[in-house]
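Protein chains in written order, with our numbering: chain A, -2 to 788; chain B, 501 to 779.
It is worth saying that the hints were derived from the structure and are not from the lab.
For each residue, glycine too, the CB sits at the ideal point set by N, CA and C.
Take these hints with a grain of salt, some might be off.
As the list claims (entries may be wrong) - To give an idea of the interface, some chain A residues facing chain B are shown, with a C-beta separation under 7 Å as derived from the structure: (1) D268; (2) E704; (3) L765.
As the list claims (entries may be wrong) - Some chain B residues well away from chain A (every beta-carbon gap over 12 Å; in silico): (4) P503; (5) R510; (6) A522; (7) P539; (8) T596; (9) R662; (10) G691; (11) P759.
What the hints assert, rightly or not - Now the stretches of chain A that chain B is said to cover, found in silico as 3 or more residues with beta-carbon under 8 Å: (12) 103 to 117; (13) 756 to 764.
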Amino acid sequence: MAKQGVGASVPRKEDDRFLRGRGEYVGDIRLPGMRDVAFVRSPLAHARIKDIRIPAHLRGSVFIASDIAADTRPIRAVSGLPGFKPSDQPILAFEKVRQVGELIAMCVADTRAEAEDIAAAVEVDFEELPAVHDMLLARRPDSALVHEEWGDNVFLETFVDINMEAAYDAPIKITREISTARQSMAPMEGRGTVAVWHKRMDQLVLYTGNQQPHIVRNGLSECLNLEQLKIRIVSPDVGGGFGYKGIVLTEDVCLGWLAMRCGYPVRWIEDRREHLTAGANCREHHYNITVYADRDGKLRGVECEASVDSGAYSSYPFSACLEAAQIASILPGPYDFPSYRCRTWSVSTNKCPILPYRGVARTGVCYAIELMMDAIAHECGLEPYEVRLKNLVRPEQMPFDNITKKHFDSGNYPESLRQALAKIDLAGLRARQKKGEPDGRLIGVGLSVYCEQGAHGTSVYAGWGIPMVPGHEQATARMTPDGGLELRIGAHSHGQSMETTLPQVAHEILGIDVARIKLVHGDTEYTPYSTGSWGSRCAVMSGGAVATASRELAKLVKGIGAHLLQTEVESVKLENGAVVGPSNSVKIDEIAHTWYRRPQDLPATVDPRGLEVTIGYKPARDSGTFSYATHIAVVAVDPELGDIELIDYVVVEDGGQLINPMVVDGQIYGGLAQGIGTAMYEEMNFDTSGQPLASTFADYLLPGPTEVPAPKLGHMETLAPYTEFGVKGIGEGGAIAPPGAIGNAVNDALRPLGAQVLHTPMTPRRVLEAIRAAAGSRKAKAPELAEGLPA
Amino acid sequence: MKPVNFDYARPDAVDAVIRLIADDSRTVKMMAGSQSLGPMLNLRLVQPDLIVDLTGIEELRCFSDGADEISIGACVTHADIEDLRVTDVTRGALPTVANGIAYRAVRNRGTIGGSLTHADPSADWHSILAAVGAKVVLRGPAGERTVAVEDYMVGALEADLRPGEVLVRVMVPRLSKSARWGYYKSCRKTGEFAHAIGAFVTDPDRGISRAVIGATESRPIVIAKAGNVIGDGRAPRLSDSFDGGAVDEILEKAGMVDPLDKQTHVVALRRAIEQARPQ
Chain A
-2 MAKQGVGASV
8 PRKEDDRFLR
18 GRGEYVGDIR
28 LPGMRDVAFV
38 RSPLAHARIK
48 DIRIPAHLRG
58 SVFIASDIAA
68 DTRPIRAVSG
78 LPGFKPSDQP
88 ILAFEKVRQV
98 GELIAMCVAD
108 TRAEAEDIAA
118 AVEVDFEELP
128 AVHDMLLARR
138 PDSALVHEEW
148 GDNVFLETFV
158 DINMEAAYDA
168 PIKITREIST
178 ARQSMAPMEG
188 RGTVAVWHKR
198 MDQLVLYTGN
208 QQPHIVRNGL
218 SECLNLEQLK
228 IRIVSPDVGG
238 GFGYKGIVLT
248 EDVCLGWLAM
258 RCGYPVRWIE
268 DRREHLTAGA
278 NCREHHYNIT
288 VYADRDGKLR
298 GVECEASVDS
308 GAYSSYPFSA
318 CLEAAQIASI
328 LPGPYDFPSY
338 RCRTWSVSTN
348 KCPILPYRGV
358 ARTGVCYAIE
368 LMMDAIAHEC
378 GLEPYEVRLK
388 NLVRPEQMPF
398 DNITKKHFDS
408 GNYPESLRQA
418 LAKIDLAGLR
428 ARQKKGEPDG
438 RLIGVGLSVY
448 CEQGAHGTSV
458 YAGWGIPMVP
468 GHEQATARMT
478 PDGGLELRIG
488 AHSHGQSMET
498 TLPQVAHEIL
508 GIDVARIKLV
518 HGDTEYTPYS
528 TGSWGSRCAV
538 MSGGAVATAS
548 RELAKLVKGI
558 GAHLLQTEVE
568 SVKLENGAVV
578 GPSNSVKIDE
588 IAHTWYRRPQ
598 DLPATVDPRG
608 LEVTIGYKPA
618 RDSGTFSYAT
628 HIAVVAVDPE
638 LGDIELIDYV
648 VVEDGGQLIN
658 PMVVDGQIYG
668 GLAQGIGTAM
678 YEEMNFDTSG
688 QPLASTFADY
698 LLPGPTEVPA
708 PKLGHMETLA
718 PYTEFGVKGI
728 GEGGAIAPPG
738 AIGNAVNDAL
748 RPLGAQVLHT
758 PMTPRRVLEA
768 IRAAAGSRKA
778 KAPELAEGLP
788 A
Chain B
501 MKPVNFDYAR
511 PDAVDAVIRL
521 IADDSRTVKM
531 MAGSQSLGPM
541 LNLRLVQPDL
551 IVDLTGIEEL
561 RCFSDGADEI
571 SIGACVTHAD
581 IEDLRVTDVT
591 RGALPTVANG
601 IAYRAVRNRG
611 TIGGSLTHAD
621 PSADWHSILA
631 AVGAKVVLRG
641 PAGERTVAVE
651 DYMVGALEAD
661 LRPGEVLVRV
671 MVPRLSKSAR
681 WGYYKSCRKT
691 GEFAHAIGAF
701 VTDPDRGISR
711 AVIGATESRP
721 IVIAKAGNVI
731 GDGRAPRLSD
741 SFDGGAVDEI
751 LEKAGMVDPL
761 DKQTHVVALR
771 RAIEQARPQ
């Protein structure tokens, strides 16, 4: 048998159905008598609702806030951080709408087209209010208010100061204004919900492609005022999640209510316009950042004011402040420096709620700090890698508590940088830059280093006080009578390949063929409670739980095996799917057969737990694993058109022990594509009335296969000290570093022109504007700029 | 995003189409490849009572090759031209441009006549067909009339199509052996809508030299006597005599004021001309 355990690149079990187009998604579910829902959504960003007029003959097919008021509660995702102002997100809007796309009425018909016809016949009178469309303007005292009762537009302000003034005598001080655009994360499958009241089970069954089925059950229970025994969440195949599929949506609550009210199954499948304009917003950060450094490139301190546009409401379960407040704790990145001050604002605006997207705050943070590291390098006349090597946490410091008390568990960050550099010819590229390109384009090299905290647990999230705090992660391991093994976990795969990797973990311990191990997940009825798939946690947490359950199961298997071998349990071991004693052996199949089918062969003293274990797992320390990587981008910038071509891309990452290296490669490819999207393409703009300006993929650009280069990958495997097998979480990393690496490469290319781009996405227009501004400022004050960038 | 309820007809002759679209008591929309109309229907930007599908009409799906020009049926697909199922008389210009239209899936269904009639300023056919001097033939109750491609787009998303008229074919002149052409499209990713197009054809033996700037806010800008930007069209490197300042002025006169827009369009045209090498 080929190696199947931890560390083997076992082909993905789920590919058999995915690659043949046989996946089963919410949109594939057909229930007898199922009807379709379309919503009347607000066309305005901020307005009072004066009147809703429903044609009399349609009144039975349309439901508005007053219809559901008695049975539902608004979505309320509070953070326990001091000063947090909670928002109530109405299930259906009444009195006021606070974002384009907010739900006003629910229309049900036999088909979606007919439901849309009904929705079009509903008339809403609004009194339009000034829209809060810009998070910086929103903090001014004269701004309109999204939530009048607050008195301002700030969900939460945080402040941290660690010895900042000690850095003020540093000889180098550089300030920049940096920002990342608002995005709409774009899984191929949008959201969708099918809901039905199951009479025999006395239960609402809600099918929704979801990363966090148990969390959705919590949320629905609260919003529908329904005890959890009466709610079952089923998540079938999920066509990409990235954070969006973890959120409890008002649509979910509506569908749940409607199924209970009407008695027939109902369905809502989000279309791409709903998705882009009313759903999956993420990423919008703004930084005023200053770095202090010595002339040798040693970072002395970082001072930052950061704002995040959190949108109109606090989303469930992550809240409106996770993103901004996280900036304060992770901005230092992988660097060791002594002084730090950071103030953050989670700002409320008339946009959709901000949601956590792969990498969450890290992508923006990495972009900001990595651009500043390059600015220091330029100021000191050093290569950017030299400045990184001076400031990266060193291997001999591990484990290392950084300035914000993040506990770096293990790793050799400088080595990942060195290995990445070895994959490009830096000296050759510098020579090529000097010589110039025959086609007039400008070559640039940029790098970016990040760390990714994964699987952080109770001690970290208790402090946030959000509706979800991860505790022990549980798994069930249960043998079938014919010797197969079922694993049950409460997290759910939205592309992570857990149907393959978790059986590999069990195989490592039990020796059962991966083909005979089945993962059961995505159903609250059949799985132990879990906060689900988020925070790069499944390999560590679900993997650790499966390992723990498998070890317990191994003890039970050995107990029965020893009896069948007529020897002491201390004298047997598990090997290649059999219990082996001093003189003979018995296969696990036979042990299972005996327990289930021939109990008469077992002694009275047999362990009554049988061959089924449910047990919880936490790493030895729950402050999280720290994986990391160095990304290097080589770009060619067309200074006439502003186009950027990625001509080389390198990733050297350290994810600790990799369970399945091929799957990790896939995670990096996918993350990289999304990081390129952030860096160069994706942007959800709004006009001053709060209207989103992209409603189709013709306006909202995503990178396609021709825009994503095949990266040169390298792996390091520094074991995590606190987890099973030394595994670290790596799921989000690919999406974190590309804006920083590509941004630095573009600015490296533009340096001869004195131009720089400090905002994502780096569109042709932004590149051309930067070149034009630099040309203007060269003319205006040529002498000062002889060696560099305009401030 | 589902269309409103509509009736559907798929006649097999142009006469039947003309009869169906003459009914002004209902909103009628003609459909060819449906690559633009389809999404617009789903977004309910178009809410017709009747869709008349043109793809069942043999006449519109053929081409015929003449001595001086080729006649291409309105429902010939981009892929038909890309794959040379339609004879090329443009020394590679049309197949090359077809190859760069959107994505292959779109090219398999999208049609030359549909694209021209949809009249999106960023569409490739408007620019390259204007550059080669092509014409469209429109048939209506009063018979046929012929319009130069550059005049067919009245403005963004508005074609010069009178009530009851249907575009039946596109007439593309045969370029001489002396002809050279170039085409440059600036877009942010493969298959995306163009932000600037430069198209250029010079055919000294036929005394023709046309430069086109496309993907503007409205109809493409045709510089019909391109001599002032490229000389007589016989120099080995035509771009040597390219006058970007003159093109900038033309753009400004046409109402383009944003300096970066102008820059992008001037560069696109210059690069199109740089590509035009003797064959």
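Hint-by-hint comparison with the structure:
1. D268: 4 Å, holds
2. E704: Holds, because the Cβ-Cβ distance from E704(A) to chain B comes to roughly 5 Å (cut-off 7 Å).
3. L765: Check passed: Cβ of L765(A) comes within 5 Å of chain B, closer than 7 Å.
4. P503: 7 Å, violated
5. R510: 21 Å, holds
6. A522: 28 Å, holds
7. P539: 7 Å, violated
8. T596: Label holds. Min Cβ-Cβ 17 Å, cutoff 12 Å.
9. R662: Per Cβ check, R662(B) is outside 12 Å of chain A; nearest 29 Å; holds.
10. G691: 7 Å, violated
11. P759: P759(B) is in fact no farther than 12 Å from some Cβ atom of chain A, at 7 Å.
12. 103 to 117: Since three or more residues must qualify, the claim that chain B covers the region 103 to 117 of chain A holds, with 6 doing so at under 8 Å.
13. 756 to 764: holds (count 3)
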